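**Student:** If you want the building blocks of each chain, they are given just below.
2 protein chains.
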Amino acid sequence: MSLDSVLTRIDQNMPDAVERLFDLMRIKSISTDPAFDKDVEAAADWLVQELQSIGIAAEKRLTTGHPMVVGHVDGPADDVPHILFYGHYDVQPVDPLELWDRDPFDPALEDTAAGKVIRGRGSSDDKGQLMTFVEACRAWKAEHGALPCKITFLFEGEEESGSPSLVPFLQENAEELSCDIALICDTGLFQSKVPAITTMLRGLLAEDFTITGPSRDLHSGMYGGIAMNPIRILSKILAGLHDDTGAVTVPGFYDGVEELPEDIRAQWQGLNFDHASYLGDVGLKAPAGEQDRTPLEQIWARPTCDVNGVWGGYTGDGFKTVLPSQASAKLSFRLVGQQDPDKIRTAFRTYLESALPEGFTVEYRTEKGSSASQMSITDPAFEKARLALSDEWPDPAAYVGCGGSIPIAGFFKDMLNMDSMLIGFGCDDDQIHSPNEKYDMNSFHKGTRSWARILDALTR
Amino acid sequence: MSLDSVLTRIDQNMPDAVERLFDLMRIKSISTDPAFDKDVEAAADWLVQELQSIGIAAEKRLTTGHPMVVGHVDGPADDVPHILFYGHYDVQPVDPLELWDRDPFDPALEDTAAGKVIRGRGSSDDKGQLMTFVEACRAWKAEHGALPCKITFLFEGEEESGSPSLVPFLQENAEELSCDIALICDTGLFQSKVPAITTMLRGLLAEDFTITGPSRDLHSGMYGGIAMNPIRILSKILAGLHDDTGAVTVPGFYDGVEELPEDIRAQWQGLNFDHASYLGDVGLKAPAGEQDRTPLEQIWARPTCDVNGVWGGYTGDGFKTVLPSQASAKLSFRLVGQQDPDKIRTAFRTYLESALPEGFTVEYRTEKGSSASQMSITDPAFEKARLALSDEWPDPAAYVGCGGSIPIAGFFKDMLNMDSMLIGFGCDDDQIHSPNEKYDMNSFHKGTRSWARILDALTR
Chain Y
1 MSLDSVLTRI DQNMPDAVER LFDLMRIKSI STDPAFDKDV EAAADWLVQE
51 LQSIGIAAEK RLTTGHPMVV GHVDGPADDV PHILFYGHYD VQPVDPLELW
101 DRDPFDPALE DTAAGKVIRG RGSSDDKGQL MTFVEACRAW KAEHGALPCK
151 ITFLFEGEEE SGSPSLVPFL QENAEELSCD IALICDTGLF QSKVPAITTM
201 LRGLLAEDFT ITGPSRDLHS GMYGGIAMNP IRILSKILAG LHDDTGAVTV
251 PGFYDGVEEL PEDIRAQWQG LNFDHASYLG DVGLKAPAGE QDRTPLEQIW
301 ARPTCDVNGV WGGYTGDGFK TVLPSQASAK LSFRLVGQQD PDKIRTAFRT
351 YLESALPEGF TVEYRTEKGS SASQMSITDP AFEKARLALS DEWPDPAAYV
401 GCGGSIPIAG FFKDMLNMDS MLIGFGCDDD QIHSPNEKYD MNSFHKGTRS
451 WARILDALTR
Chain B
1 MSLDSVLTRI DQNMPDAVER LFDLMRIKSI STDPAFDKDV EAAADWLVQE
51 LQSIGIAAEK RLTTGHPMVV GHVDGPADDV PHILFYGHYD VQPVDPLELW
101 DRDPFDPALE DTAAGKVIRG RGSSDDKGQL MTFVEACRAW KAEHGALPCK
151 ITFLFEGEEE SGSPSLVPFL QENAEELSCD IALICDTGLF QSKVPAITTM
201 LRGLLAEDFT ITGPSRDLHS GMYGGIAMNP IRILSKILAG LHDDTGAVTV
251 PGFYDGVEEL PEDIRAQWQG LNFDHASYLG DVGLKAPAGE QDRTPLEQIW
301 ARPTCDVNGV WGGYTGDGFK TVLPSQASAK LSFRLVGQQD PDKIRTAFRT
351 YLESALPEGF TVEYRTEKGS SASQMSITDP AFEKARLALS DEWPDPAAYV
401 GCGGSIPIAG FFKDMLNMDS MLIGFGCDDD QIHSPNEKYD MNSFHKGTRS
451 WARILDALTR
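Taken in order, these protein sequences are the chains called Y and B. Just so you know, UniProt numbering puts 24 at position 24 of the first sequence, and the rest follows in order with no gaps. Just so you know, UniProt numbering puts 400 at position 400 of the second sequence, and the rest follows in order with no gaps.
FYI, nobody ran anything at the bench for these hints, they're computed from the structure. Incorrect hints may have been included.
For lysine-lysine, the following DSSO-like pairs were computed, each having C-alpha atoms within a straight-line distance of at most 27 angstroms [said to hold, decoys possible]: (1) K368(Y) x K343(Y); (2) K236(Y) x K320(B); (3) K446(Y) x K116(Y); (4) K285(Y) x K236(B); (5) K343(B) x K141(B); (6) K320(Y) x K285(B); (7) K236(B) x K116(B); (8) K368(Y) x K320(B); (9) K320(Y) x K236(B); (10) K384(Y) x K446(Y); (11) K413(B) x K320(Y); (12) K384(Y) x K413(Y); (13) K236(B) x K368(B); (14) K285(B) x K236(Y); (15) K60(Y) x K236(Y); (16) K320(B) x K343(Y); (17) K320(Y) x K141(B); (18) K320(B) x K285(Y); (19) K320(Y) x K368(B); (20) K236(Y) x K236(B); (21) K413(Y) x K320(B).
The model shown is predicted, which means the values in this text are computed figures rather than measured ones.
So that you can see chain Y by itself, here it is in the shape it has in the complex:
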């Protein structure tokens, strides 16, 4: 059987695959620091060569920032999907360097109590993950002489610095980059164990505002008692955002929120999410969300409202008996389903302004909102990929949610009309963005095998 031979070749090639990954990891492609601009470009060049070495027509494409790497390879038939694969080749800075146990750019295999790990910056985020797909393609090509479908590769060099060139690049090359489905490898195993396809991503709406009451700061000896304090008003507004059950009170906030389908709910129950450990690890006891929702729903499938920052009055050392003129806050809403960021912004502002005493004003510093992304798992590709993953790993694969926003999936959907399967093999303890980043050898090896299985499943 053709898949078996590819898997066997992947197993045999692992030592060489690790060496190739080390080559890429040695390039200091820190995208946030201009001192490393040449290194970022070198990593792009390395990837172009790497793709070309397995017969993919690849080139470095310049942007106003760091370059993109784009590759194309033809497939044998027209009745199989055209796949886009996305990863990023830039890495986070390595500070504080003194907390690393070895040079972050001198990667090595290390034996640990939990097994072999690949240590070094970018091992997990995202060079190691990106290379799982490349290595799967290499083995497939070697075994069969050609890849099983048309594949477009898109490697970005600015993911860690906010992807400033991504949207313009997708706009300018929409036709070239539009495929049937996207595979994105930048996520992890659920609880470091269960293979997962992320199909729900929450949207995000942010509000940043300042309330003004008195026209200047007042002395509480002269005005204390008679003057309304903007911090008191702001506190009432913020405290009133949730009721006693943890639900958000802003009228209309839940419009467009959808109930979880029963099959997804059953899958999530089966994940046995250990919320006590999840919270206990950060010093918390009880879930804070809506009381009638499971902890996983609270993170993945329910909308939230959180205050990300608050400030007003005197905040330095010692004391100042000031009644401040202003008080400010930054809020964000995580959105799900069909919630409309614009409608929620309007609803929140109506709520806020109805709480202002006569004469008080509010100034908003508007931030852009984004809707939630939900993939169409009725597309048979999703179930094929899920079963392929289940074949590789001890646990059956699950469709999961993601409480955060992964903008690339939204861009693919909105700009290229393309659903994404977010599949990755990172573990919770990979220490991405931190010193001593690692990627389990198990993740790299079984990740590569997983992609071979998925390519096989999607094109059979």
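On the provided structure of chain Y, position chain B as indicated by the hints.
**Tutor:** Same frame as chain Y, but now just chain B:
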């Protein structure tokens, strides 16, 4: 009649009195800036000579900071009260200098639409006010050869820099400085018009605390919905401090609050306080205090709770989807009557801690509290002084409150067992602590006459 001749002499001497005040105002006695230490000392020396010139045994007394000036003069009889007079000879810095219309230390008489004013730093706070009493004594001495009672003078040179030497000096010289009653000249006319004796000063209790929830800052994509946010808890605590009628909700907070005596309440009604202008001048509409209390009660006779500062999470430019580990606030309570700062601190902490979810902690940075001061106006000296003031000014004098804390009155009470009469002639537009400080010639002249009348009334 002896008083009349003193008043006539005051009127005749006014030009010379203004020149003497100008001499004192030319000395740059800025106590907060070490560059002016010699000037502060020069002002003390000037006052010693000034008091000696009218027969008062005065000397400069060294402290670890700026010197005190202490003077003593004997009175003719034992059946009249021994009076202590307090003022301060240091002044505020003059920045921003470019906003002054003339050199702050080159005083002058100016004609304005509202009458003649003495312009320059310290004209109102407190050199001009201090000299009203000295000039009254000078005229009395010249007219009668002796002052009408024993008087102790205490002039401080550190009032504008927090009076660091005052408490130790009072402790070390308690016997020497204890008199029957203190006169303090550092306040103003009520609404720039009505002569007033301040008899109630609110106390102050401050709390500065930090609430900790999660053990580190969290990403709202990973934890939003499930993790309790300390800003949400803090907002609930702060929002819950007042009920819908403006009353403070902390259990036991009103223990020791006393109702206003009927005669004082009637006097305050007679003041026709224009709270709409008072609030309108700072951009506010409605009084924020307890709804069943008059605006003057809210400022002078009712306790308050105000948030002076609040901070937590990300407060810089742009956005960060952080769920912070901590949130902090600075609160202060203005106290009245017999409210006990220690009991209120305990009551507030009990209230706060009962609102913390399991696992949350709070850390306090304790600030000292002070009780309210209330003078014993049953002492006949108060009513004598009030009638004397009423004889001098177009409006009858009133007993008033002060929403702030004037520490010196509390120190005299607590350390020297001496009530204080706070009487001053400043106007609301004197711009003390600001550029273009002034003192109305009317304040200086009628202020001097007022003290002659009060000396007469207290010793007749």
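**Student:** Taking only the CA atoms, is the gap from K446(Y) to K116(Y) under or equal to 27 angstroms?
**Tutor:** OK: K446(Y) and K116(Y) at ~13 angstroms, within 27 angstroms.
**Student:** Between K285(B) and K236(Y), is the straight-line Cα distance small enough, at 27 angstroms or below?
**Tutor:** holds (19 angstroms)
**Student:** Is the straight-line distance between the alpha-carbon of K285(Y) and that of K236(B) 27 angstroms or less?
**Tutor:** holds (19 angstroms)
**Student:** Does the alpha-carbon distance linking K368(Y) and K343(Y) stay inside the 27 angstroms limit?
**Tutor:** holds (13 angstroms)
**Student:** K320(Y) and K368(B) were given as a pair; does the straight-line alpha-carbon distance stay at or below 27 angstroms?
**Tutor:** holds (13 angstroms)
**Student:** Is the hinted pair K320(Y) and K285(B) satisfied, with a Cα-Cα distance of at most 27 angstroms?
**Tutor:** holds (24 angstroms)
**Student:** Hey, K60(Y) versus K236(Y), does the alpha-carbon distance stay inside 27 angstroms?
**Tutor:** Measuring from Cα to Cα gives roughly 54 angstroms; hence the hint is violated.
**Student:** Holds or violated: K413(Y) with K320(B), Cα cutoff 27 angstroms?
**Tutor:** Holds, at roughly 25 angstroms.
**Student:** Mind checking the alpha carbons of K236(B) and K368(B) for me, to see if they're no more than 27 angstroms apart?
**Tutor:** holds (25 angstroms)
**Student:** Mind checking the alpha carbons of K320(B) and K343(Y) for me, to see if they're no more than 27 angstroms apart?
**Tutor:** holds (22 angstroms)
**Student:** Next pair to validate is K384(Y) with K413(Y); report whether the Cα-Cα distance is within 27 angstroms.
**Tutor:** holds (20 angstroms)
**Student:** Run the distance test for K236(Y) versus K236(B): straight-line Cα separation, threshold 27 angstroms.
**Tutor:** holds (7 angstroms)
Going down the numbered hints, you'll see the structure goes against 5, 7, 15, 17, while the others check out.
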